[in-house]
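Q: Each chain is listed here by its residues.
There are 2 protein chains.
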Amino acid sequence: MKHAYEEAEKAYSKEEVPVGAVIVDCHSGEIIASSHNEMIGKKDPTAHAELLAIQRACLIRGKSRLEECDIYVTLEPCPMCAQAISFARLRRVYFGAYDSKGGGIDHGAKVFNAPSCHHTPEVIGGIEEQKCARLLVKFFEKKRGGSL
Amino acid sequence: MKHAYEEAEKAYSKEEVPVGAVIVDCHSGEIIASSHNEMIGKKDPTAHAELLAIQRACLIRGKSRLEECDIYVTLEPCPMCAQAISFARLRRVYFGAYDSKGGGIDHGAKVFNAPSCHHTPEVIGGIEEQKCARLLVKFFEKKRGGSL
Chain U
1 MKHAYEEAEK AYSKEEVPVG AVIVDCHSGE IIASSHNEMI GKKDPTAHAE LLAIQRACLI
61 RGKSRLEECD IYVTLEPCPM CAQAISFARL RRVYFGAYDS KGGGIDHGAK VFNAPSCHHT
121 PEVIGGIEEQ KCARLLVKFF EKKRGGSL
Chain C
1 MKHAYEEAEK AYSKEEVPVG AVIVDCHSGE IIASSHNEMI GKKDPTAHAE LLAIQRACLI
61 RGKSRLEECD IYVTLEPCPM CAQAISFARL RRVYFGAYDS KGGGIDHGAK VFNAPSCHHT
121 PEVIGGIEEQ KCARLLVKFF EKKRGGSL
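Protein chains in written order, with our numbering: chain U, 1 to 148; chain C, 1 to 148.
Do not take every clue at face value.
Remember, identical chains collapse to one label, so a pair may be satisfied in a single copy or spanning two.
Said to hold, decoys possible - Simulated crosslink set (DSS-like; lysine-lysine; CA at most 30 angstroms straight-line):
no. : residue 1 : residue 2
1   : 138       : 63
2   : 43        : 2
3   : 142       : 63
4   : 42        : 110
5   : 101       : 63
6   : 143       : 63
7   : 143       : 101
8   : 42        : 10
9   : 42        : 131
10  : 42        : 138
11  : 43        : 142
If you're looking for bench data, these hints aren't it; they were derived computationally from the structure.
Working from the sequences, and respecting the hints, build out all of it.
A: Laid out in structure tokens, this is it:
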């Protein structure tokens with residue numbers, strides 16, 4: 001989660017919503033791909049940290065399934081990213097802050113709870129929750145304050 | 001939908017699940033981006049026709065919102081693509097076949113029904129439904145028959 005948080009800080013420094021993600025080989029512990037939100041920079045509404053990490057990890061591994069891998073992300077994934085995590089067959093999702101407004105695992109569409117969700121990863125939320133949430137609060141306070 | 005179907009046929013010819021999508025300017029009727037499933041070719045589980053069409057249309061338009069655009073897709077979008085359609089602020093979704101197993105609009109997670117879904121496009125399903133469904137049935141029959 002430390003590395004995912006560092007990615008979130010990179011997003012913050014680029015004036016992107018500070019969310020970071022890391023995909024790790026669950027056996028070796030090796031980081032396969034790291035990413036942060038790039039929706040503004042790429043002018044792409046799908047450029048969420050999780051989606052970018054999955055795309056990069058699949059490219060690096062040369063396959064579309066990441067069965068022996070886990071994802072660490074600083075914020076509860078949205079429905080788009082939750083479904084992408086399911087498609088990628090990731091083993092576990094570790095996330096930081098809960099997202100009652102945009103989350104898609106414990107909130108909103110609760111993608112993994114749908115009976116039609118073919119692969120449901122194990123989910124561990126609330127890791128370094130306060131730290132991850134503080135960075136997001138700081139970002140939105142700064143934005144509202146007109147500094148961005 | 002004719003163009004989206006032609007894209008689905010391209011996917012079929014590449015041995016990809018035959019789904020095609022087209023994004024159209026709702027005022028001029030101009031096609032901005034066309035795409036088909038490329039999950040196998042790209043080894044990327046997120047390379048669904050809708051996501052690729054959104055990414056291309058945003059790149060072409062140079063912005064992350066496609067407010068004055070509609071998407072035509074031959075199959076009911078999954079939860080990942082439904083959420084991406086919402087993020088892209090597309091005005092309308094026209095889709096062909098309903099997808100009781102993997103759909104995320106009328107089935108499964110029903111992404112647009114979540115109170116936390118910030119933008120809900122208008123949805124018109126069942127356009128050329130039989131034609132779109134037949135291509136998918138043909139694909140899966142061929143696959144089961146071991147011809148692929």
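Q: For every hint, state whether the structure bears it out.
A: Against the structure, the hints come out as follows:
1. 138 - 63: Only across copies: residue 138 and residue 63 sit 26 angstroms apart there, 38 angstroms inside one copy, limit 30 angstroms.
2. 43 - 2: Both: 27 angstroms inside a chain and 29 angstroms across chains, each within 30 angstroms.
3. 142 - 63: between (40 angstroms within a copy, 23 angstroms between copies)
4. 42 - 110: both (27 angstroms within a copy, 28 angstroms between copies)
5. 101 - 63: Only across copies: residue 101 and residue 63 sit 24 angstroms apart there, 33 angstroms inside one copy, limit 30 angstroms.
6. 143 - 63: Intra 39 angstroms, inter 20 angstroms, cutoff 30 angstroms: inter-copy only.
7. 143 - 101: This pair counts as within: shortest intra-copy Cα distance 18 angstroms, inter-copy 41 angstroms.
8. 42 - 10: For residue 42 and residue 10, both the intra-copy (15 angstroms) and inter-copy (28 angstroms) Cα distances are at most 30 angstroms.
9. 42 - 131: Intra 26 angstroms, inter 36 angstroms, cutoff 30 angstroms: intra-copy only.
10. 42 - 138: Close inside one copy (23 angstroms), not across copies (38 angstroms); limit 30 angstroms.
11. 43 - 142: Classified as within: same-chain Cα gap 21 angstroms, cross-chain 39 angstroms, threshold 30 angstroms.
In this structure, every one of the numbered hints holds.
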